[in-house]
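*Asks:* Listed below are the residues making up each chain.
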Amino acid sequence: MNLTVNGVAREIDGSALAPLLDVLRDELGITGPKAGCHQGGCGSCTVLVDGEPRRSCLVPAGYAEGTQITTVEGMGPPEDLSPVQQAFVHYYAAQCGFCTSGMLLAAQAYIDRGGTDDPEAIQHALAGHVCRCTGYSKIIDAIAAAARGDSFDLTTTAVGKHTTMSNGGAA
Amino acid sequence: MKVVGARIPRYDGVAHVTGRTTYVDDVRVPGTLWAKACRSPHHHAAITSIDTSKAESMPGVHAVITWKDVPLLEYGHLSALGIPADEPLLARDEVRYLGQPIALVAAASEAQAAAAVDAIEVGFEERPALLDVRQAFDADAPKIHQWGNWYPHFENEMDRRQIRKGDIDWAFENADTIVQGVYRPAAIEHAPVETQVCQVVPEPDGRLTIYSCTQALYFSLGVVAAHLQQPLNRFKLVGGTTGGGFGGKVDTATETMTCLLVLKSGRPVKWRWTREEEFLCSSTRAPWHMELATAVTKDGWILGQKMLTLHDSGAYARFSPYGLTKHSFHHTGAYSIPNLHFDGYVVFTNRTPTTAMRGFGVTSVSFAVETHLNRIANELGIDQVEIRMKNANRIGDTSPNGIAYTDPSTIDTLKAIADAIGHELPADYRTMTNEPRAGELLPEHLVSQVGSTEGH
Numbered sequence: 078m079n080l081t082v083n084g085v086a087r088e089i090d091g092s093a094l095a096p097l098l099d100v101l102r103d104e105l106g107i108t109g110p111k112a113g114c115h116q117g118g119c120g121s122c123t124v125l126v127d128g129e130p131r132r133s134c135l136v137p138a139g140y141a142e143g144t145q146i147t148t149v150e151g152m153g154p155p156e157d158l159s160p161v162q163q164a165f166v167h168y169y170a171a172q173c174g175f176c177t178s179g180m181l182l183a184a185q186a187y188i189d190r191g192g193t194d195d196p197e198a199i200q201h202a203l204a205g206h207v208c209r210c211t212g213y214s215k216i217i218d219a220i221a222a223a224a225r226g227d228s229f230d231l232t233t234t235a236v237g238k239h240t241t242m243s244n245g246g247a248a
Numbered sequence: 033m034k035v036v037g038a039r040i041p042r043y044d045g046v047a048h049v050t051g052r053t054t055y056v057d058d059v060r061v062p063g064t065l066w067a068k069a070c071r072s073p074h075h076h077a078a079i080t081s082i083d084t085s086k087a088e089s090m091p092g093v094h095a096v097i098t099w100k101d102v103p104l105l106e107y108g109h110l111s112a113l114g115i116p117a118d119e120p121l122l123a124r125d126e127v128r129y130l131g132q133p134i135a136l137v138a139a140a141s142e143a144q145a146a147a148a149v150d151a152i153e154v155g156f157e158e159r160p161a162l163l164d165v166r167q168a169f170d171a172d173a174p175k176i177h178q179w180g181n182w183y184p185h186f187e188n189e190m191d192r193r194q195i196r197k198g199d200i201d202w203a204f205e206n207a208d209t210i211v212q213g214v215y216r217p218a219a220i221e222h223a224p225v226e227t228q229v230c231q232v233v234p235e236p237d238g239r240l241t242i243y244s245c246t247q248a249l250y251f252s253l254g255v256v257a258a259h260l261q262q263p264l265n266r267f268k269l270v271g272g273t274t275g276g277g278f279g280g281k282v283d284t285a286t287e288t289m290t291c292l293l294v295l296k297s298g299r300p301v302k303w304r305w306t307r308e309e310e311f312l313c314s315s316t317r318a319p320w321h322m323e324l325a326t327a328v329t330k331d332g333w334i335l336g337q338k339m340l341t342l343h344d345s346g347a348y349a350r351f352s353p354y355g356l357t358k359h360s361f362h363h364t365g366a367y368s369i370p371n372l373h374f375d376g377y378v379v380f381t382n383r384t385p386t387t388a389m390r391g392f393g394v395t396s397v398s399f400a401v402e403t404h405l406n407r408i409a410n411e412l413g414i415d416q417v418e419i420r421m422k423n424a425n426r427i428g429d430t431s432p433n434g435i436a437y438t439d440p441s442t443i444d445t446l447k448a449i450a451d452a453i454g455h456e457l458p459a460d461y462r463t464m465t466n467e468p469r470a471g472e473l474l475p476e477h478l479v480s481q482v483g484s485t486e487g488h
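Read top to bottom, the protein sequences are chains X and Y.
Using this note's numbering, you'd call the opening residue of the first sequence number 78 and step up by one each time.
Using this note's numbering, you'd call the opening residue of the second sequence number 33 and step up by one each time.
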């Protein structure tokens, strides 16, 4: 079986019915997709299959043969972050970070298909992605900013809806 | 002061957005075995037999452990404070909650480990289960714990956490009315997106390296070393990257048992809980049962309060006595109540053991106190914000355990809330501050509770 992950063709020994998530993590050592639930419920294993977000825990590896698979490792290295990665850093949209790679790929797919900064549309695109830390609003702010094409200053963090500079950023 | 007031970028932000943060499950060690647990299918049962012989001979299986493999079977989460232990690492002759671990298998693959767990034969005799804290508290309830149903090891071996302040009889004799309420917040699962997980690696010098998702690294080090009866320097813990904890990764859930599998198999072992295990078997925030009776005057002064708290510990004590102690110190909420009578009990049930979660022991009492204050205000026909501001903690007011507050923020917080929700306050409330009580805000009944803030 041959899989193309982040532009690199890889040969796999395992079963075509093995979950793509396990093949990526355990055979290829690509650990960006996370095993949050292994039952399609949390979104943290999301990868792009030909540009479409897919829960890799539910996708048989064989199904992805002949496709282009993108994981968070294929988005942008630390020295050359993509706009949506920059937005997540600037807006503090990752807290523990465990759901972040799945969120980022869903956000990238949303922006690639022409998504706008409309919060309701972003919520719809991110439906089924569980974040237990942030309360989602910073994630939605970040994706909206990336969708608008904002540029980001990564030496500082965005001022949130409920913070002001005058009180030192305290709520 | 380069950081206070500045909006600094988070130090791990770039690693998070590039997939380079290494969580425990991302640690790659060749030859790692998978661990799986044989868990109790019953809320409460006697164990009549444990037979692991079939499992031990199954393909891929490298080690099976039961209680017999644990050097020190019982070690409590508060044992370091000298408090007796009540919870076996692996169940021996009784299970007290559904999901309690009885045996563990380490095998070459996750599927082989799961198959071997299915082959472990455990005989049970089911016993009646108590799942409600109020029922378990009853004196004639069946005893489900070796200490009885009430935790008996508070200071001076008391079976309750008790607070007495002022003159409660005076308060209830002089009240215009008594307002009563019962409040019962339910258990909450922390639900981190990363389930409980650890990876343990045997090193050539005989030490064990433990990759842990714990929120309490040095605490877990002590617990592991105690159960294994080995000095602390036999273990190297690697942590600090937790995929969500919220208090649910304070208990030492996986590390000790995984170490035992490593010692028995001589191989690295990983134990990653399934989502189902996380929901069914991991600790939760406690359910609570709180009864309040508050002596109030018709103009909204709180003269005194009686409270009974039952903290559902689940099957074992773990940190619950600590949670209840915090609860008791905060049991008046953000308000100054001079006369108090508080009795709190840690009660054992056949639920999953409960633990810390975001304000351990305090969120429950905040819920009760705030809901109860609305009930009092409605009963008296007084504004819900004004009754709070009137009784709010001020500089010099004392907590239930007698600590004088130096800079309480209740009044500022209430003013900000009133402002945010467009709630009109009378002029004398709009200008209120947390300055020490005086004049109309220092009625006779509050004089004796004012303490000194010197030395704070």
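Take the hints with a grain of salt, since some may be wrong.
[Stated by the list, open to error] Chain Y side only, calculated, beta carbon under 8 Å to chain X, not exhaustive: (1) 275; (2) 483; (3) 486.
[Stated by the list, open to error] Estimated spans, in silico, between C-beta atoms of each pair: (4) 434(Y) x 198(X): 51 to 59 Å; (5) 129(X) x 111(Y): 33 to 41 Å; (6) 434(Y) x 193(X): 52 to 60 Å; (7) 212(X) x 237(Y): 39 to 47 Å; (8) 444(Y) x 236(X): 20 to 28 Å; (9) 105(X) x 237(Y): 30 to 38 Å; (10) 214(X) x 41(Y): 56 to 64 Å.
Rather than coming from a laboratory, the hints here were simulated on the basis of the structure.
Everything numeric in this text was worked out from a predicted model, so none of it was measured.
Backbone N, C-alpha and C fix where the C-beta goes; we use that ideal spot for every residue, glycine too.
*Asks:* Taking the Cβ atom of residue 434(Y) and the Cβ atom of residue 198(X), is their distance within the range 51 to 59 Å?
*Replies:* Roughly 55 Å apart at Cβ, these two residues keep to the hinted range, so it holds.
*Asks:* Take the C-beta atom of residue 105(X) and the C-beta atom of residue 237(Y), compute their distance, and say whether it sits inside 30 to 38 Å.
*Replies:* Roughly 32 Å apart at Cβ, these two residues keep to the hinted range, so it holds.
*Asks:* Evaluate the given range 56 to 64 Å for the C-beta pair formed by residue 214(X) and residue 41(Y).
*Replies:* For residue 214(X) and residue 41(Y) the Cβ distance comes to about 19 Å; the hint is violated.
*Asks:* Would the stated hint for residue 275(Y) survive a check requiring a Cβ distance to chain X of less than 8 Å?
*Replies:* Where the cut-off is 8 Å and the nearest Cβ of chain X is about 3 Å from residue 275(Y), the hint holds.
*Asks:* Does the beta carbon distance between residue 434(Y) and residue 193(X) stay inside 52 to 60 Å, or does it fall outside?
*Replies:* 58 Å, holds
*Asks:* CB of residue 444(Y) to CB of residue 236(X), is that within 20 to 28 Å?
*Replies:* Since the Cβ atoms of residue 444(Y) and residue 236(X) sit about 22 Å apart, the hinted range of 20 to 28 Å holds.
*Asks:* Verify the CB-CB distance for residue 129(X) and residue 111(Y) against the hinted window 33 to 41 Å.
*Replies:* 53 Å, violated
*Asks:* Holds or violated: the 39 to 47 Å window for the beta-carbon distance between residue 212(X) and residue 237(Y)?
*Replies:* 46 Å, holds
*Asks:* Grab the minimum C-beta distance from residue 483(Y) to chain X and call the hint holds if it beats 8 Å, violated otherwise.
*Replies:* Result: violated, 28 Å to nearest chain X Cβ.
*Asks:* Would you check whether residue 486(Y) satisfies its interface hint, that is, whether its CB is within less than 8 Å of any CB in chain X?
*Replies:* 28 Å, violated
In terms of the numbered hints stated before, the structure departs from hints 2, 3, 5, 10, listed from lowest to highest.
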